[in-house]
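**Q** So the protein lines, in turn, are chains A and B.
The C-terminal position of the first sequence is numbered 507 in the working numbering, with every residue numbered one higher than the one before it.
The C-terminal position of the second sequence is numbered 326 in the working numbering, with every residue numbered one higher than the one before it.
Worth flagging that the hints you see were computed from the coordinates, not collected in a lab.
Watch out, some of these pointers could steer you wrong.
Coverage of chain B stretches by chain A, computed from C-beta distances (three or more under 8 Å per stretch; other residues unrestricted) [claimed, not checked]:
1. 32-42
2. 48-58
3. 135-144
4. 239-251
As the structure is a computational prediction, the values presented were derived from the model and not from experiment.
Cβ coordinates follow ideal geometry from the N, Cα and C atoms, glycine included.
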Amino acid sequence: MKILVLVKQVPDTATKIRLNPGDTAIQTDGIKWVINPYDEFAIEECLRLKEKAGGEVVVLSLGPSRVEEAIRQALAMGADRAIHVMTDAVIDSQVAARALAKVAQEEGYDLIVTGKQAVDDDQAQVGALVAVELGLPQVTVVIELNVDVESRRIRAERELEGASEIVELPMPAVITAQRGLNEPRYPTLPNIMKAKKKEVKSVPLDSLGVDTTPWVRVEELTLPPERPAAKILTGEPEEAAKELARLLHEEAKVI
Amino acid sequence: MASGILVVINQEGGRVRRVGFEMLSLAQKLAPGQVTALTFGDGAEQSKDSLGQYGADQVVFLSGSAYHHYSSDGFADAVVKVVEGVDPESLFFPATAWGKDLAPRVAGLLGAGLASDCTEVYRRDDGRLGAVRPIYAGKAFARVAIDSPRQVYSIRPNIQPVAETQRAAAVLAIDPGLDASQFQARVVAVKESQGEQLELTEADIIVSGGRGVKAPENFKVLEDLASALGAAMGSSRPVADEGWVPHSYHIGQTGKVVSPTVYFAVGISGAIQHLAGISGSKYIVAINSDPDAPIFKAANYGIVGDLFKVVPALAEEVRHIKQDA
């Protein structure tokens, strides 16, 4: 089974966002870059599928040269090789999906897996858009995945609000991973060493022949408004609780 | 020329989630008299009155056997057919698990740009729509423009006000001519979660616990406060990772992003990822024994003290207030 896993490099979630006035992108100096956490669940699931059914896990990533660090990490987790679509351009989800779908088409696949969303732009679009580009069915926000290699059928459980649903679909398909699907492994030292020698093919975005004009354009970024300083209550718990309830009832008028 | 807004809404047995009404109210404000609601499935017709009440000028019901069970590819194809019939300028989807599955698929098929999880959609000076959406789970906000001829927005629940309009929606008959046998991904079963759990992303009040709660069984103390307040329960990441509470409780940058009126952070220190996930809350109340916990910097009200004494006292006080009301 040949599985493609789409991996995005994002700022670590501990990053404090810094902006200059008029910025349409965040300040990136000093940022620690990591694999998108949801893509880690995707990678792990691909590795488990490969361990069961055999085959190959190929990482597809898109972005500037720094992305190779995330790719090497995915390879250290156990992926076999990678394709890096190189670009420094500002793009949107649709451009990314077109490019990744083009590479996928050239590469061939039985299954395409990625995270349910990237924790930087939070658009949650690329998985579904790649599916549309390739004419594939999709199941998103998956917390349990069963692939029957024999019948080429997938049975997946996806998370809803306060519920979940079971979706059945044929292969090939696009799956997007949610927390709870698995516990991603840590790369071992020998695997980190091995990953350095694995193949990473670099493909310039412009060479793919896809339209790279983004539809969605960021005009302005702002930080959330500061909250006024908190009213902090100390003293006896009963008294503080009483005063808090009074404030919420009479001042904030929310209970 | 394309005009108006097509609002794509999920309903169950005629019952529409509040976000459906929020979207209709917003659409009616932005495109008065030009709002079409589209709903699917059994009982769709029963939602006609409520859809009109909150701003639908016309409604399309896709309630044949093909729409009995959700299919991302099937429903997306159907929406595209409806778009061909209605020719809207823009489409709204709810930014729920359902809407976020369907919206990008529809946007891809239409070749239209999509802004996900918008907290604001407004009419720009040039007559087009623009939107504001959180990024980095709310650590920043992006004002975005969509340059495609048609535009798609998914709307975050619990942000937009609802406005009743008392209009009687006209029924628009459109048959996409699709058959369920053409659908590939199909929902075969729905598993409801145990009990009457309130959904975090739609909750008005949330009581959330962290490591300070010390043990899974101690969440009972928070549950009692939540029940006094009629609140939903949430948690920080570490306690969900430990398995003290289900993953669905986890609020933060890699969990749920919430926007309640009041958020109670109990025994939560306030890691930056958690603060991002709660930044949309109107009021944040922190209860923590550590006066230096970062959560107090993000809070409107705080109590420095032992949560096992404060929370029960607070629950009792809330019950008093509710009794007197």
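**Q** Take the hints in turn and mark each one as holding or not.
**A** Hints, verified against the model:
Counting residues of the segment 32-42 of chain B whose CB lies closer than 8 Å to any CB of chain A gives 0, so the stated coverage by that chain is violated, three being the minimum. Only residues whose C-beta sits within less than 8 Å of a C-beta in chain A count toward coverage, and the segment 48-58 of chain B has 0 of them, not enough to reach three; the restraint is violated. Check on the segment 135-144 of chain B: 10 of its residues sit with their Cβ under 8 Å from a Cβ of chain A, so the three-residue criterion for coverage holds. Here's how the segment 239-251 of chain B fares: 3 of its residues keep a CB closer than 8 Å to some CB of chain A, so the rule of at least three is met and the hint holds.
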